[in-house]
Each structure stands twice: as structure tokens, then as C-alpha cells.
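*Asks:* As given, the protein sequences belong to chains A and B, one line each in that order. The C-terminal position of the first sequence is numbered 1632 in this note's numbering, with every residue numbered one higher than the one before it. The C-terminal position of the second sequence is numbered 1632 in this note's numbering, with every residue numbered one higher than the one before it.
Careful: at least some of the hints might be erroneous.
[Said to hold, decoys possible] Label pairs and their in silico Cβ distance ranges:
no., chain 1, residue 1, chain 2, residue 2, range
1, A, Ala1558, B, Lys1578, 32 to 38 Å
2, B, Ser1423, A, Leu1451, 40 to 46 Å
3, B, Asn1331, A, Ser1630, 52 to 58 Å
4, B, Gly1456, A, Cys1608, 43 to 49 Å
5, B, Asn1331, A, Ser1510, 35 to 41 Å
6, A, Lys1362, B, Ser1423, 30 to 36 Å
7, A, Lys1530, B, Asn1331, 44 to 50 Å
[To be verified] Calculated lysine-lysine pairs in the DSSO-like style (CA-CA distance at most 27 Å, straight line):
no., chain 1, residue 1, chain 2, residue 2
8, B, Lys1625, A, Lys1419
9, A, Lys1351, B, Lys1362
10, A, Lys1351, A, Lys1605
11, B, Lys1336, B, Lys1362
12, B, Lys1604, B, Lys1578
13, B, Lys1351, B, Lys1530
14, A, Lys1578, A, Lys1336
15, A, Lys1351, A, Lys1424
16, B, Lys1479, A, Lys1351
17, B, Lys1362, B, Lys1604
18, A, Lys1479, B, Lys1351
19, A, Lys1336, A, Lys1625
It should be emphasised that the hints constitute simulated quantities derived from the structure, not laboratory data. Using N, Cα and C, we set each Cβ at its ideal position, and we do this for glycine too.
Number of protein chains: 2
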Amino acid sequence: MSFNRLIDKIVEMNNPTVAGLDPKLDYVPSYIREKAFGQYGQTLEAAAEALYEFNVGLIDALYDVVPAVKPQMAYYEMYGWQGVRTFDRTVKYAQSKGMYVITDGKRNDIGATMEAYATGHLGLTDVGGQSFAAFGADALTVNGYLGTDGIKPLLEVCAAQDKGIFVLVKTSNPSSGELQDLSLSSGETIYNRMAAMCDEWGKALPGRYGFTGVGAVVGATYPEQLAELRAAHPSLFFLVPGYGAQGGGAKGLVGAFNSDGLGAIVNSSRAIMCAYKKEGCDEQDFAGAARREALRMKDDINSVL
Amino acid sequence: MSFNRLIDKIVEMNNPTVAGLDPKLDYVPSYIREKAFGQYGQTLEAAAEALYEFNVGLIDALYDVVPAVKPQMAYYEMYGWQGVRTFDRTVKYAQSKGMYVITDGKRNDIGATMEAYATGHLGLTDVGGQSFAAFGADALTVNGYLGTDGIKPLLEVCAAQDKGIFVLVKTSNPSSGELQDLSLSSGETIYNRMAAMCDEWGKALPGRYGFTGVGAVVGATYPEQLAELRAAHPSLFFLVPGYGAQGGGAKGLVGAFNSDGLGAIVNSSRAIMCAYKKEGCDEQDFAGAARREALRMKDDINSVL
């Protein structure tokens, strides 16, 4: 019903990071792609198989040093239902290795429809009396533009299934401020208001470390807002994208954490997945390069905490 | 690159409505469910098969009187990748019958990731030099909370593939006002601002009827805001949920349309899909009941225009 399980793993591994699994086919080493093309031709099925083999290699290299993975649904949907099947297999494989899985879907809708998303991504789907974890991740990113009745169905599933959600508050992209930074007549910004709504929603999901099961997405690319939000919202656990490839460095992350070094999990996707390209090592060693980059990132972040 | 194709069909059929395909398993007639359970057991695959047969029946009954369908992805994701495969088959079947397909996914993300959603839902996915329409709908609903660089990748795909998007502006749910109705220091509300951003984005996708390819989702449950937004944003084509089951009546819809009777497409989901339950007819006649309800809705809305 909160992020207890996630934070336990972060503490145990002394590593507040999550590896994003956003596998464009271009990121996959060519020997894996060619093998899949050989088996299935140039098809969506081949792409989906190649992505799965890539993900399995990454997970095998990371599961004992990184507490969580964050598959981004867009990259799986790009390859059709075949890609979504790979997403599903990836979630289940990562969990079988003990990893905490955050589905990055930024889902949002109204009551009954949000209930369907909550059920599909975090809960149990009933089929004629049988229950199935359709996708069964541990946490889901969501967009709160529709207000409380788009969030409530998630809270119920999170309470029943020990899951959590991360609500978009201040995103990492250059134009995030167009809407999120605007001042309301009350004096607060829109992202301030969204964070305050997260505080309210989180009351239903209290957690052991002082963080509720309703976290916030706050970009590493806005270090001032990170620190401001950390100070104002002590019970919000942060998911922080934008480290590395998007330009946010470790120093700017300090403000995301409390004095006890908790409070956030920092994501890196491309820098880990494509570490073998940057390193220039043999592509057969893509997983080794991902592990080396993940450990470098862990040390980089821990060095400023 | 706009909603020309959709509006052509609305004019030709004299019917500004869209049938939502949000198929919970409970909505599916029991004889279809039992057949699928008999074939596949109580499994996600059985559920997905039952949903597909239900959708095909509905599309066969509607395609010559209703211009468009709007499958809501949440209800397919609830049944896992098997459900998403049914979504894909549904999109393609509806298009084979000449229907315009609006995928209701409320997708949102930043640049590169939004590009993946745009490609998957509206564009063409490259796999080793071969191109595939992964899901290939005609339009997609999106959430603009992340600002311009979450929308731009969609505009490029829409321009290249003659597609459109509907951005959430003022949603139909009771708590939509919690964020959307707040006043900015500039005096406008958040939903006003979002509509103004849609005007800007739409400039890249001009259309023949005076409407751009960037439309707005505005709920039937807020007739005053519908009329206010219609007057202030003449180039935004509206997708209007909330008619019928959510309590919005035909009278309140008048404000969504221009003096020439164009400007909006009104959605009904449950009332059409579950018409056989309300009518109390034999469940084998579910498609006939759906058609009767769709024609009743058409007449109801045309009577006030």
C-alpha cells in the first residue's frame, strides 16, 4: 500500500536508482536483431523478440545491483501488441529476478475507466471467477490532470495489492513549464498544486519510511524545483527522470533527498541501455557495459548524498 | 493532416456521433462469453476473444449509420497483451468497414517517448527497413500537461499520415474542475490555457472545414464551458464524452456546435454497447439493440441542432 518494498530494496542495495527499459530497436545490438530477423523476418514479431532478448540480458546484468526497472510503455506499443507482449514478459521476468517494476505509462482517465487501467497494470483482472495479474507491475506513473476521481480507483488497488503510483508533478522536458510553472491566482504554481493534491491522495496509503504510496515525478533537469518540492512535501517519494542523457547531473539531485539520504529514486534509461555504444566495447558485451554504467551512476549519486 | 476525413463522414451520414468501444467482459452477452470459455477456459485469451466477437457484432451493426468508433485502451489493457491484440484487431476491422477510428488512450510523454507513442498509434513503425502500422488508428486522445514538446512529435506524424489528435481540455468527470477550473494569475482558467495551447498547436494542421487537426476533449456534462469554449476557439473540433450514461443530455450539447451544425462529435459508449440490457431484448439481438440506440441518439442530437 506504499513504497515500503521499493525503499527496502534501495536501502538494502544502497542504490537509489532505477534502470529505464525503453528499448528502441536501434538500441539493440545488431547480433540480436539479426538473429530475430533470421527467425521471423522483418516483422513486428521479430522486433518484439529482439527487444525481449535485449531486456533479459540487461535484467540479468542489473538485478543484483539495481533495485528496480522502469519499462516505458511507449516503446513497446510502438511495436504493436507484439511489443506489448514483450512488455508483459519483461515485467514478469524482472519480478522473477526480485526487481521492483515501475510501469511508466502516465495513464489517466475518469472513474470507471481508470479502474480498468488500475486493474490491468497493478491489480487483478477477473475472468469468469478466475483472477489474473494482467500486467501486474509494482507501481505505475499517472497523470493527474483529471483530478481526484481519476486517482481514487488507483488508491483502492494500491491499498489492496501493496502497490504505488507516481503522479507527474514537474516533468523533465524543456517545455514542462508552459503549463506546470504557471501561477494560479492563489499564488502557487500548477506543479505546486499538483504536489499538494498528491499529499492529499497519499493519506490513504501511509508507509513505514514516512513516504506514502503516492509519489511524484520531478525532473532532474530542474534542481531548484526538486529541492523546493522536497522541502515542502516530506511525504512524497520522488521518481526523478532526466539524469544523464537529458542533462541533469548528480549535484543537482542532492535536493531530491532528505538528510537521511532517502526520498527519491533516480532513473537512467538510454545511458544504461546504450552504454556499450558509448564505451565502444564489443556489442556482445552490452550487458556488461550496462552493469558498469549502472555502478558508475550508483557511485556518482551516492558521492553527493 | 486534420479532421477532414472524419468531418466528411459526419456530413455524409448526417450523424455527429461516435460509438465508444469500452468492452468490459460484463457487457458481453453471456452466450459469447460461454463460447469463449468453452474454447479457451477462463483465461485472458478467452476474455480477449469474447471482446473481439462482441466488437465485431457492434461494428457490423453500426458502420453504415455511425461514422466513427472510439475504443478505450484501458478496457483492453485490463485483459493484458491478449486484450491489446483484440484492440488492434478491432481497429483494423472497423477501418475495413470504412469507420474512422479514434483511439482513446490519453497518452502523454516527453519528446522522444511521445514520438514512440505517435509512431505506434498513428504512424508507421520501421523494422529493419519494413514499415508497419502498429496500431494505425486515425486519431488519438492525448493529455497536454507536459507542454509543447509532448505534442510536437504527434503533429509531425499527423501531417505525414493525415491523422488528428484530441487534447484533454475540460473533462466530463465530477472532479475535473479540481485542477482544470483553477484560475491563473492571468485571469484565465487552466482549461482556457490548454485550449489556447491547442489553437497554437493546430496551426501546423489546417483543415478544409475551418477546423485544425488538433481537437479538444470537452465533456457534455459541462454545457456552459462547452459553449464558452466553442465561441472562443472556432478552429477546435470537439470530442464530447459524457452524453447519456454520464448524465449529459442533448440540449446541453447545442453549445458544442457552430451555426452550421458542425464542430463536435459526441461519444456514447455504455448506452450503445449495453442497449440490449436496457431494452430487455434477447441478448442474441445485442447488435440490433445497439443500432437502435445509435439511431435514437443520432435523432436526439440532430433534433436540437
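*Asks:* If a hint holds in the structure, say so; if it does not, say that too.
*Replies:* Hint-by-hint comparison with the structure:
no.: 1; hint: A:Ala1558 with B:Lys1578: 32 to 38 Å; verdict: 50 Å, violated
no.: 2; hint: B:Ser1423 with A:Leu1451: 40 to 46 Å; verdict: 34 Å, violated
no.: 3; hint: B:Asn1331 with A:Ser1630: 52 to 58 Å; verdict: 57 Å, holds
no.: 4; hint: B:Gly1456 with A:Cys1608: 43 to 49 Å; verdict: 27 Å, violated
no.: 5; hint: B:Asn1331 with A:Ser1510: 35 to 41 Å; verdict: 39 Å, holds
no.: 6; hint: A:Lys1362 with B:Ser1423: 30 to 36 Å; verdict: 34 Å, holds
no.: 7; hint: A:Lys1530 with B:Asn1331: 44 to 50 Å; verdict: 48 Å, holds
no.: 8; hint: B:Lys1625 with A:Lys1419; verdict: 46 Å, violated
no.: 9; hint: A:Lys1351 with B:Lys1362; verdict: 39 Å, violated
no.: 10; hint: A:Lys1351 with A:Lys1605; verdict: 16 Å, holds
no.: 11; hint: B:Lys1336 with B:Lys1362; verdict: 35 Å, violated
no.: 12; hint: B:Lys1604 with B:Lys1578; verdict: 25 Å, holds
no.: 13; hint: B:Lys1351 with B:Lys1530; verdict: 38 Å, violated
no.: 14; hint: A:Lys1578 with A:Lys1336; verdict: 23 Å, holds
no.: 15; hint: A:Lys1351 with A:Lys1424; verdict: 23 Å, holds
no.: 16; hint: B:Lys1479 with A:Lys1351; verdict: 19 Å, holds
no.: 17; hint: B:Lys1362 with B:Lys1604; verdict: 19 Å, holds
no.: 18; hint: A:Lys1479 with B:Lys1351; verdict: 19 Å, holds
no.: 19; hint: A:Lys1336 with A:Lys1625; verdict: 14 Å, holds
Hint compliance for this structure: hints 1, 2, 4, 8, 9, 11 and 13 are broken, all remaining hints hold.
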